[in-house]
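> Listed below are the residues making up each chain.
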Amino acid sequence: MCLAVPGRVESIYEEQGTRMAKVDFGGVVKEVCLAYLPDLKVGDYTIVHVGFAISRIDEASAQATLRTFEELGLLEEELEELRAADQVEPSSSDRLQQTASGST
Amino acid sequence: MKYLTEYRDGPKARALAEAIRRETTRPWAIMEVCGGQTHSIIRNGIDQILPEEIELIHGPGCPVCVTPLETIDKALAIAALPNVTFCSFGDMLRVPGSSHDLFTAKSRGADVRIVYSPLDAVRIAEREPERQVVFFAIGFETTAPANAMAAKLAKARNLPNFSLLVSHVLVPPAIDAIMQSPDNRVQAFLAAGHVCSVMGYWQYPPLAERHHVPIVVTGFEPLDLLRGILRAVRQLERGEAKVENAYERVVTFEGSRPAQEVIAEVFTTTDRSWRGIGTIPQSGWRLSDEYAAFDAERRFPVGDIATCESTLCRSGEVLQGAIKPHECPAFGKECTPRTPLGATMVSSEGACAAYYNYGRHETVKLQV
Ligand code: SF4
Chain A
1 MCLAVPGRVE SIYEEQGTRM AKVDFGGVVK EVCLAYLPDL KVGDYTIVHV GFAISRIDEA
61 SAQATLRTFE ELGLLEEELE ELRAADQVEP SSSDRLQQTA SGST
Chain B
1001 MKYLTEYRDG PKARALAEAI RRETTRPWAI MEVCGGQTHS IIRNGIDQIL PEEIELIHGP
1061 GCPVCVTPLE TIDKALAIAA LPNVTFCSFG DMLRVPGSSH DLFTAKSRGA DVRIVYSPLD
1121 AVRIAEREPE RQVVFFAIGF ETTAPANAMA AKLAKARNLP NFSLLVSHVL VPPAIDAIMQ
1181 SPDNRVQAFL AAGHVCSVMG YWQYPPLAER HHVPIVVTGF EPLDLLRGIL RAVRQLERGE
1241 AKVENAYERV VTFEGSRPAQ EVIAEVFTTT DRSWRGIGTI PQSGWRLSDE YAAFDAERRF
1301 PVGDIATCES TLCRSGEVLQ GAIKPHECPA FGKECTPRTP LGATMVSSEG ACAAYYNYGR
1361 HETVKLQV
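For the protein sequence lines, the chains are A and B, in the order given. Residues in the first sequence are numbered from 1 upward in steps of one, following the numbering used here. Residues in the second sequence are numbered from 1001 upward in steps of one, following the numbering used here.
Check the hints yourself; a few may be wrong.
For lysine-lysine, the following DSS-like pairs were computed, each having C-alpha atoms within a straight-line distance of at most 30 Å [to be verified]:
#1 B/1155 - B/1106
#2 B/1155 - A/41
#3 A/30 - B/1106
#4 B/1152 - A/30
#5 B/1155 - A/22
#6 A/41 - B/1002
#7 A/41 - B/1152
Label-pair restraints from in silico Cβ distances [stated by the list, open to error]:
#8 A/27 - B/1242: 34 to 44 Å
#9 A/10 - B/1334: 40 to 50 Å
#10 B/1104 - A/14: 33 to 43 Å
No lab work stands behind these hints, which were simulated from the structure alone. The beta-carbon is built from N, C-alpha and C at its ideal position, and this holds for glycine as well.
Extracted from the complex, chain A is given alone in its bound form:
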């Protein structure tokens, strides 16, 4: 029920005095009411629920969150590499500990 999906604002128009938009959800275009986000612009991304834009997606925050994932991903790859290396080369376990405590 609370399913709400991100989409991109394609065009904005008025219907009986209410601000509306066409929003593209990965190829499916739907009519969305902008009554609660009057300053949404074409090209913005928004979260839509039952035909209403309820929130603008903040690009800077989205990027910041993705970066935290990247760091985790890197850490994990590095750990795996090190674990593999560890089996043949004992000295690398020091590096492993450094990596593990140095991030997140």
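We have chain A; now place chain B with the ligand onto it with these hints.
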């Protein structure tokens, strides 16, 4: 799709699960309040990649599941009246009432129409002035701005043939009730991200403090959920009880001011009965006095309704996290999405349906 696919990355999910594993030293029970999150957790197998110590308890945040039986019966009574067009979100049609559901009413000739948005119901009322158009306004805070706007437009456009059957429920009083229950096992909450996109999370710090419970605002994609869980675990391990936002790209502390204003105009807080759980004080919204003329319960004679709940269904225990769906003896036998005994088997966000649809009934099959 931008803002979706990048939050579904398998290797990053495993890295997050690994981070959770590294920080977990003891068993913890974390409740995801929202049914949409339950659905995503089961569908993506999030619960299965977590360390054994972490139990996810599925919360009551599925409006379809908690709409009281009496309200479903009222909907059925109104839909059966001559000259009424009853508009509803699609997932309410199969929710069992005492004797049948809206889908059956429709097949028996009632004019029941599925709408995608409450605005569609308003449009039908404008197009068909000779019919009484009733909109089934259910939902959590996420849906309230849309439902409130339907009432506001009907009033502004002077539509005498439009009304709403309202059964709105609220998250913070439910969290409070769960924490006050003597059987409570929940130690941290993932707060529903989309509820918070509307309401913000200014209501949560007093709850976190009163019950000494971490509350982490969390999104719906696998990486969002894992990040929310990681933050909750971190707090639990440190003995903290803070409110954190792990869905920053969508949620702000204040939420949507314009939406909160319209909600305050159209709705007023009321005690609400939750199906399977019971009455929670001040846990719902009804139409405010200013909008009383649009209240379907006043417009149509639906006063005395004797309800009759299935005796087999244990959805109340499922909704409170006391049992997992497959522990209900009727699960996958008498009760399936095609023959649901309880509302939790109907909605795709109901825990029983999520377990059934993603093959978690295997465990039951092995047991019998
Ligand atoms: S499996 Fe069916 S009968 Fe059992 S609790 Fe869920 S909805 Fe009710």
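> Confirm or reject each hint.
Tested hints:
no., hint, result
1, B/1155 - B/1106, "holds, 28 Å"
2, B/1155 - A/41, "holds, 28 Å"
3, A/30 - B/1106, "holds, 27 Å"
4, B/1152 - A/30, "holds, 22 Å"
5, B/1155 - A/22, "holds, 25 Å"
6, A/41 - B/1002, "holds, 17 Å"
7, A/41 - B/1152, "holds, 24 Å"
8, A/27 - B/1242: 34 to 44 Å, "holds, 40 Å"
9, A/10 - B/1334: 40 to 50 Å, "holds, 47 Å"
10, B/1104 - A/14: 33 to 43 Å, "holds, 41 Å"
This entry satisfies every hint, going by the numbered hints stated previously.
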